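These are the residues of each chain, in order.
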Amino acid sequence: MSVVQSVDSVALLPAYLAAGTAVLVLITDLLLARPRVTVVVAGLGALGTAVGAALVGAAGERRTFCAGADCSWVFGGRAALVGAVVALLTLGVLGLSAPALRAGRSPVGEYCFLLACSMTGGVVLGAAGDLITLIVALETLTLPLYVLVGLRRGSLASAEAAVTFFVVSVVATSVTLLGAALLYAVTGGLHLDRLGALLAERPDLRDLPLTTAAVALLLVGLAFKVAAVPFHAWAPATYDGAPLPVAAYLSTASKLGGLVALLAVVQRALPADQTGPVLAVLAVLTMTVGNLVALRQRRTVRLLAWSSVAQAGYILAPLGALALAAGRTGEARSAAYAAAVAYAVFFVLLELAAFAGVTALRPVGADGGTLDDLRGAARQHPWRGVALGLALVGLAGLPPGLAGLFAKVTVVRALLDGGAGWLALVVALNAVIGLAYYLRVTAALWAPSTPPTAAGGAVAVPLVGVAAVVLAVATVAAVVVGVAPQLVLDLAGR
Amino acid sequence: MTVGQVLLVAVLAVPALGAVAVAATPRDRAARLVGTIAAALTLLAAVPLVFGGRSWVAWSAGEPAVRPWHQLDLPWVPGLELRFHLGVDGISWPLVVLTALLTLLCCAYTMWRVPDGGSGRALVALLLVVEVGILGTFLALDLVLFFLFFEVVLLPMYAIIAGWGGPDRRRAARKFTLYTLFGSVLLLVGVYVVVAAAGTADVVALTGGDGLSRGTQLAAFTLLALAFAVKSPLWPLHSWLPDAHTQAPTVGSVVLAGVLLKMGTYGLIRVAVGVAPEGARWAAPVLGVLAVAAILVGSLVCLAQADVKRLIAYSSVGHMGFVLLGVATLTATGIQAALIGNVAHGVITGLLFFLAGAVKDRTGTGTLAELSGLRETAPRLAGLLAFAAVASLGLPGLAGFWGEAFAVVAAIQRGGPLWTTLGVLAAVGGALTAAYFLRLLRQVTHGRPSPAVGGVGAGLAGAELTAWVPLVLLALAIGLAPALVLGVAEAPVDALIGVVSR
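For the record, the sequence lines run as chains C and D.
So the first sequence is numbered by this note's numbering: it starts at 1 and just counts up by one.
So the second sequence is numbered by this note's numbering: it starts at 1 and just counts up by one.
Just so you know, these hints were derived from the structure itself, not from any lab.
Predicted, not measured: the structure shown is a model, and the values here were computed from it.
Possibly wrong hints are sitting among the right ones.
[Unchecked claim] Here are some chain D residues the structure puts well away from chain C; computed CB gaps all over 12 Å: (1) D210; (2) L303; (3) L460.
[To be verified] Quick list of the computed label-pair ranges, beta carbon to beta carbon: (4) C:Y184 - D:S239: 50 to 60 Å; (5) D:M1 - C:V51: 36 to 46 Å; (6) D:L480 - C:L295: 32 to 42 Å; (7) D:M1 - C:E201: 52 to 62 Å; (8) D:G364 - C:L295: 51 to 61 Å; (9) C:L295 - D:W282: 36 to 46 Å.
Built from N, CA and C at the ideal position, the CB exists for glycine as well.
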């Protein structure tokens with residue numbers, strides 16, 4: 001056996017592209033120091049990464065960094081989907097940031113570099129085949145965000161948000177690492193598939209208290225990343241303090257990253273009968289608490305933050321259902337994972353559209369403001385109002401937001417196929433609570449506007465081209481997958 | 001594509017495109033005209049659906065119990081078992097025509113008068129979207145598609161109530177939306193309980209409950225019946241209805257009472273009873289008791305109501321009780337009574353809400369105590385109100401009679417102490433219905449004109465007459481010739497009963 005590993009560079013192409021984008025952005029900023037060029041380079045890089053991921057993924061699964069049968073890098077259909085979605089989300093967030101960057105609220109070079117670094121983490125994450133790669137990728141995704149959250153110059157809230165996020169996230173990472181280490185101590189393996197095979201073959205290992213502890217720590221650590229209740233308290237404060245586009249990134253790409261990590265561990269490594277009940281409880285708590293607290297929010301971004309906590313619950317639900325019903329077939333399992341992925345894709349699309357809508361209806365560089373600031377906004381800006389309204393209604397899961405409706409339908413169907421009828425009922429009833437607050441925001445958009453208040457009201461904002469394009473593209477994409485949800489279902493099932 | 005399929009698509013596409021056209025037309029009055037034309041074209045497409053395709057008369061065992069006159073079946077989302085499967089038969093056609101007619105009348109009425117709160121253009125566009133949802137619900141032959149259209153109605157109706165309604169409109173609109181969403185999420189779960197067990201969502205294949213275990217049927221029927229009970233609404237899940245009806249603008253109330261509630265009873269017959277007959281047999285006594293409770297409670301509450309619109313709203317609870325009693329008997333007579341009761345209620349209550357709206361617009365109040373002597377100042381309006389009230393209380397010869405009478409007959413025919421008691425109690429409820437409508441008439445039309453009524457002119461606007469006369473004629477026609485509805489419904493109902501009572 002040769003000591004020198006052969007590396008399949010084609011499989012790694014998306015990661016190269018993403019990392020290359022980060023480096024290129026840094027160099028461009030150093031050499032040219034022209035903000036506009038830097039943003040364009042970052043945008044093209046993100047687009048290239050998305051295309052690269054899609055092309056490599058379309059050609060079938062490729063593996064590399066293998067030791068025997070276990071590979072640390074598995075670039076298949078799902079990795080391609082995650083990579084492409086993260087790259088496109090980065091592109092979208094970049095577009096949303098353009099007005100604020102132009103206004104000089106944040107240092108452009110650093111902003112774009114950090115965003116590209118985070119994107120690299122997201123692209124690698126989908127293809128990670130062992131726990132170390134997974135955790136490092138997740139950290140690469142998160143680490144730049146500590147800085148990005150705090151990058152709003154002269155804002156105390158922004159700095160506070162960054163510190164909160166940093167502390168919580170570091171603790172979560174160490175918990176995850178501890179879990180991984182214990183798992184290694186028990187099994188001697190780190191590759192996800194190997195762990196899965198080992199734990200399935202040897203029930204004696206599975207029954208060790210140490211294994212239970214390891215599984216619990218790993219799950220808890222990752223639950224922090226997706227802001228699942230009871231590990232959610234950082235999210236609303238962080239989202240609200242961060243600049244709006246960064247909040248959009250946090251609630252889409254970053255959340256997707258956490259979910260992909262959780263999915264990888266649950267699907268491939270850990271025994272479903274141990275993770276299932278934990279995840280089911282997490283899912284129920286997450287959606288219920290998220291929805292109930294969101295009911296009381298008065299600030300737009302906080303409301304969206306709590307609602308995204310609740311949405312994470314819907315995504316976790318199919319995973320939780322797996323372990324509850326006895327005698328599940330492999331087919332039913334992969335259907336449940338596919339449902340979780342499909343919901344996540346529908347969700348990030350709508351969430352991006354919602355944040356884009358809020359950004360478009362607020363003054364350049366402002367935070368999300370309160371709901372009253374959005375009162376009557378749709379009467380002044382009908383198109384932007386319609387786009388935001390559509391996204392919110394979609395998040396609530398009602399027509400005309402068909403994308404969100406099909407997302408809910410997918411989850412409920414997966415739950416009922418998996419024999420977890422009670423969980424389907426909980427999801428369904430939560431959708432009713434969810435509508436109550438989404439409806440409040442949506443209705444506020446068309447409410448008769450209050451007499452023009454001081455600055456901070458829904459003032460007329462000249463919408464900069466790029467941000468308008470992001471809003472339009474996100475909305476059109478949401479409408480398209482709403483009419484043809486089979487596209488997403490097919491991708492998610494691969 | 002056959003002519004029937006083109007018509008099926010047109011029935012949904014014309015109002016949908018109409019709504020877009022209305023939204024795109026810049027001038028308000030022109031936009032309302034466009035909307036009215038779209039609604040008229042929809043009615044024109046809906047009526048001829050009755051022709052052709054009715055090659056069979058009697059149902060015999062071994063054939064599917066649902067045999068649409070025309071159908072269209074296209075794949076949409078195979079991953080979710082969703083097919084774009086539309087079809088029309090004798091159970092759905094009368095409701096389709098009723099929906100198209102009422103929407104047309106509401107659009108025409110909006111040409112003449114736009115309620116305060118927003119532009120008439122947006123109102124007409126929303127009415128057309130609601131129409132798409134309701135028609136889609138009646139035409140869908142795929143459970144998931146049915147659910148989809150069921151949901152379409154929700155937000156436009158919210159917007160209609162919240163945008164153009166009375167003083168307390170926001171709360172009423174919220175209550176309506178959340179209540180009915182509660183119903184429709186149960187519908188979603190119920191639909192997928194069936195789909196997960198049967199592997200298909202095709203109503204034609206599923207009707208009769210073949211291949212579903214008893215447990216599945218009971219669970220599915222419970223969920224579906226709860227969902228439809230919220231929409232119908234069945235006591236004790238009715239509390240959204242009085243607020244929504246009272247606060248909604250006149251056209252909103254007409255659509256709500258006239259056809260929106262029918263989505264619940266239609267769903268109960270087509271989906272809940274059809275797909276889970278064993279569950280229906282199991283739950284029939286409970287359903288019957290609740291229906292009779294609704295009749296009695298609705299009538300008693302009506303006797304104590306002080307507001308015209310609220311009284312009519314509560315009367316809907318009672319009338320829907322008769323419809324549900326008919327369904328609960330699970331006999332051919334009962335289901336026929338439910339169908340004709342549905343249509344009659346749509347026609348008469350639509351008319352009543354139009355008239356109540358007219359009274360309220362003219363006098364500025366809906367409180368019974370402040371209204372009296374309408375006969376003196378506005379004899380034609382008072383006469384129409386009397387006609388509608390008498391039709392609603394079930395005078396033989398008018399539309400309201402058949403549904404109520406035959407629901408009682410079906411219950412008595414079903415026999416046994418429980419159903420006989422229910423039949424008798426329902427008959428008592430019928431008498432109470434007469435009592436509160438006569439009380440309404442005595443207060444509003446008779447006596448000396450109150451100050452509010454004193455200034456009302458005797459004339460009726462042309463648009464008002466245009467909107468009301470078709471309903472008056474229809475109430476008479478269905479009353480004199482119930483075969484208009486029952487003739488087309490007879491064969492499909494027999495087929496349904498054939499598989500349900502197997």
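Do the hints match the structure? See the list:
no., hint, verdict
1, D210, "20 Å, holds"
2, L303, "33 Å, holds"
3, L460, "33 Å, holds"
4, C:Y184 - D:S239: 50 to 60 Å, "59 Å, holds"
5, D:M1 - C:V51: 36 to 46 Å, "40 Å, holds"
6, D:L480 - C:L295: 32 to 42 Å, "53 Å, violated"
7, D:M1 - C:E201: 52 to 62 Å, "58 Å, holds"
8, D:G364 - C:L295: 51 to 61 Å, "37 Å, violated"
9, C:L295 - D:W282: 36 to 46 Å, "37 Å, holds"
Comparing the model with each numbered hint stated earlier shows that hints 6, 8 do not hold.
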